[in-house]
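Q: Residues per chain are reported as follows:
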Amino acid sequence: MSDTVFFLPKGPFYLEKLISNSKKNIEGSGDLKKIKIFDVKTLEKATSKDLSFFNSVQYRPFASHTKASACITTDSLKDYLPKNCLKIIVQNVLFTTAQISKKFYPEADLDYPDQSIREVKKISSKYPSVTFGKNIFIGKKVKIGSKSIIGSNTVIEHDVQIGKNCLIGSNVTIKNTIIGNNVVIQDGCKIGVKGFGFIPIKDNNFRFPHIGRVILKDNVELGANCTIDRGSIGDTAIGENTFLDNQVHMAHNVKIGKNCMIAGQVGFAGSSTIGNNVSIGGQAGVSGHLKIGNNVKIGGGSGVVKNIPDNTTVMGYPAVPLKKFLKKNKNNE
Amino acid sequence: MSDTVFFLPKGPFYLEKLISNSKKNIEGSGDLKKIKIFDVKTLEKATSKDLSFFNSVQYRPFASHTKASACITTDSLKDYLPKNCLKIIVQNVLFTTAQISKKFYPEADLDYPDQSIREVKKISSKYPSVTFGKNIFIGKKVKIGSKSIIGSNTVIEHDVQIGKNCLIGSNVTIKNTIIGNNVVIQDGCKIGVKGFGFIPIKDNNFRFPHIGRVILKDNVELGANCTIDRGSIGDTAIGENTFLDNQVHMAHNVKIGKNCMIAGQVGFAGSSTIGNNVSIGGQAGVSGHLKIGNNVKIGGGSGVVKNIPDNTTVMGYPAVPLKKFLKKNKNNE
Amino acid sequence: MSDTVFFLPKGPFYLEKLISNSKKNIEGSGDLKKIKIFDVKTLEKATSKDLSFFNSVQYRPFASHTKASACITTDSLKDYLPKNCLKIIVQNVLFTTAQISKKFYPEADLDYPDQSIREVKKISSKYPSVTFGKNIFIGKKVKIGSKSIIGSNTVIEHDVQIGKNCLIGSNVTIKNTIIGNNVVIQDGCKIGVKGFGFIPIKDNNFRFPHIGRVILKDNVELGANCTIDRGSIGDTAIGENTFLDNQVHMAHNVKIGKNCMIAGQVGFAGSSTIGNNVSIGGQAGVSGHLKIGNNVKIGGGSGVVKNIPDNTTVMGYPAVPLKKFLKKNKNNE
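Chains as they are written, first to last, in our numbering: chain E, 1 to 333; chain P, 1 to 333; chain Y, 1 to 333.
It should be emphasised that the hints constitute simulated quantities derived from the structure, not laboratory data.
Each residue gets a CB set at the ideal place from its N, CA and C atoms; glycine is no exception.
Be a bit skeptical, because a hint or two may be false.
Which residues of chain Y face chain P? A partial, calculated answer using Cβ under 10 Å [unchecked claim]:
no., residue
1, K17
2, I26
3, G28
4, G30
5, N171
6, K175
7, V193
8, G195
9, T227
10, S287
11, G303
12, P309
Pulled out of the complex, with its shape left as it was, chain E reads as follows:
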């Protein structure tokens, strides 16, 4: 299941062809005309057939162990990469990565509605143990486990997998998503939509291709009208037994751990990682590219702009440890 992909990459392409239009320096040995690249992947997931990218020091632990045969990076970061990884040094790592990714996935910069969907009443014999409402549309190769229930006016696009005993509400759209067992998705959720990723180039936004997925593990619950973006190159994910309230927004690549409680209208900017047993109060916001530890509590309305270590309670805007927040407020009285 964890290997399901929603788009197959074009290619393979020779590395030289992929980067022919980019201004770059190359460090490392190897004939660019002979290195075949099969896909663009994160540092963590890349194999020796893949190209990766490395644009922030926070990914250093993954960089030093990556198996990618080549990596787009900057001059200041290149030395964290393994010796046998070919370094392609550019000015704007994300822009170059987006350009190359677009060659593998020419349509993945936009979120095209799936045209393969069919009304479920014509194909419901394929899902004998599933209970369907009315006017449900399902794409090709969708899997739905036994005893799951799907509400009305819901669209489930191609290749989505839904486990057993799931409860999907009405007016929901799901795409690019792998869902475990006993998952609840309430009315109006939009799951697996393209994330907010683009690179502004001279009065024009170059869209970052989104080829990642959404992974919802067993026993996850999502409240009404939540929006969860698919990953850009990696995945967006929620761990077992984590519950989200209504109108929560999760941007691309955010990973939330197990047993978390996320209250209404919380927002997560892209690529942050949230630990296990984390509780977040209503309307709090978590900035992008942060690491929130295990057993963290974030007060309602807080704005988190820094990493938070394990077992910490924070509050405020910007969020600080609770004691500090209380003291600050007292001083201000």
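Here the structure of chain E is known, so what remains is to put chains P and Y in place on it, guided by the hints.
A: Relative to chain E, chains P and Y alone:
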């Protein structure tokens, strides 16, 4: 109308059977094997046939007058209850209540899409004075008053009542809800969904059964994409002539009074009570279990974490009286 | 295209009849019984056939150049208007304007779902170069440009115009809206709904008629579950190449310039103007009737309550220039 229920309780059950699995102390007289319990209700609504629960000192006024024959509570609260009310003293009032409530309402911990709905064009003769858009699905025993207009792709589940001259938009879902006259619900609202209520027990979330309703009184208006949760045991309610802007989130059991103005993206955590003539600016948040008085003004973006007396203007995070907020900001310059 | 209207005004009416029920003073010459009024328009757009209204000093630049033959205003503002403009001086400019506007547009105070819509599979021959999903409903006179793609369960109401190469998601509703080329609207957006405009009069909300539109210029992108209100008398508008993330809320009459980046869950209260090249972080809020300059950066979670000049970076609640915010936070440590 106010007696409409969306699920009938199982039972009755003998009290002893209901609490046989809970660690508890009993105070008061009566034979647990002979006391029949017909339902679980709030302190305020319980009759002598019902069991109630009392877990916070803020409900003291209701506790001292409850007619419940028995009440789940804690050692520190029990003495507020009437003498003739049997006290069932436990560690975790909400967990015990949830367990018992689940016996009466075995399916109410999840929000199952109503499978009784039918496309309205097949049953529109039942609603001769209502104007319908396309692809509308309506459940059993739904009532809709004359001259109401319903938009397209909308789902109205069983037993919902809608008054006269109402305007319901498109892509709306409504369940477990009683709606007065002249009510406007704009596109994309999700009304009556299960609230965010569960008790974390050892890496598992025990869902609190939701059997309450949403009550929208005459002349209420809801903006687009609002989410309003049904009550857990009591109701979620909005008074006459109160208007909500787009993307407002109301959690379970919140009660808003008359003539209020709630701007866009405001969020209410569970069980708070808002008075009459209250205005709340955009993106403000109100924590759970609070009491906001009449004629209160809450500035946009504020985070309210304390009760607010009548006729007060507050602002800030956490919200303080306006003068204090302005002084605080001046001092900080 | 920019002249498309979604409702034609009733009338014309003689000015005397329009204001016969209002307490007012008149300044200027002209026979009220002979002045014919064809429409109510903003100061900027009014012609000599129209009535306008002027209720805030911020609109002074438009007031002094208005071509309106008459204008509803207050005693303190009247002298900014041109000499040949008849001044109708009242206590509550918006209430009088709303009452008069309602005579021209008797149904525009409510957002009636369009009953002219038909399922697109019956009329898709009218759109030979458009790709449609399933269960799409389209109103009269809707135009959709070539190569556009429309998702499922989407409703597009009468007179909406959509350009070429647009991508509209599923479960979307669009009304009162003019859309350029290459525009992306993701799943669940509600575009062109009536705004949150009413005047509370003695326990009753007098709704302000909404007759404006939403204008989305070329290359705009909207994330999932955004809500964009139509203008009240003017328009709500987004300039070329501006991208909005998920769950953004734009109230009536807000105007956003070109090349802006608006992150998730940002909210705009009514009638503010945002310049070009503005970036706004997640969950920030912009109060009503403000002017945000060009090249402004607003930090995530900020609450903007004042005008912001060009080229300024602000953060905080209330938002202040970044340096000040950082200093303030340091002092508080």
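Q: Hints first: check each against the structure and report whether it holds.
A: Hints, one by one, checked against the model:
1. Taking 10 Å as the C-beta cut-off, the interface hint given for K17 (chain Y) is violated, the closest approach to chain P being about 28 Å.
2. At a threshold of 10 Å, the smallest CB-CB gap from I26 (chain Y) to chain P is about 32 Å, leaving the interface hint violated.
3. Checking G28 (chain Y) against chain P by beta carbon gives a least distance of about 35 Å; that is not within 10 Å, so the hint is violated.
4. Annotation: interface hint on G30 (chain Y) violated; nearest CB of chain P at approximately 38 Å, more than 10 Å.
5. Contact between N171 (chain Y) and chain P, as hinted, is supported at the beta carbon level, the nearest pair being about 6 Å apart and thus within 10 Å.
6. Because the smallest distance between the Cβ of K175 (chain Y) and any Cβ of chain P comes to about 9 Å, under 10 Å, the interface hint for this residue holds.
7. The interface hint given for V193 (chain Y) holds, since its Cβ lies 5 Å from the closest Cβ of chain P, which is under the 10 Å cut-off.
8. With its C-beta approaching chain P no nearer than about 8 Å, G195 (chain Y) sits inside the 10 Å limit, and its interface hint holds.
9. A least Cβ separation of about 4 Å between T227 (chain Y) and chain P falls short of the 10 Å threshold, and the interface hint therefore holds.
10. Look at S287 (chain Y): its Cβ gets to within about 6 Å of chain P, closer than 10 Å, so that hint holds up.
11. About 4 Å separates the beta-carbon of G303 (chain Y) from the nearest beta-carbon of chain P, less than 10 Å, and the hint is met.
12. The restraint placing P309 (chain Y) at the interface with chain P is violated, with a minimum CB-CB distance near 18 Å, outside the 10 Å limit.
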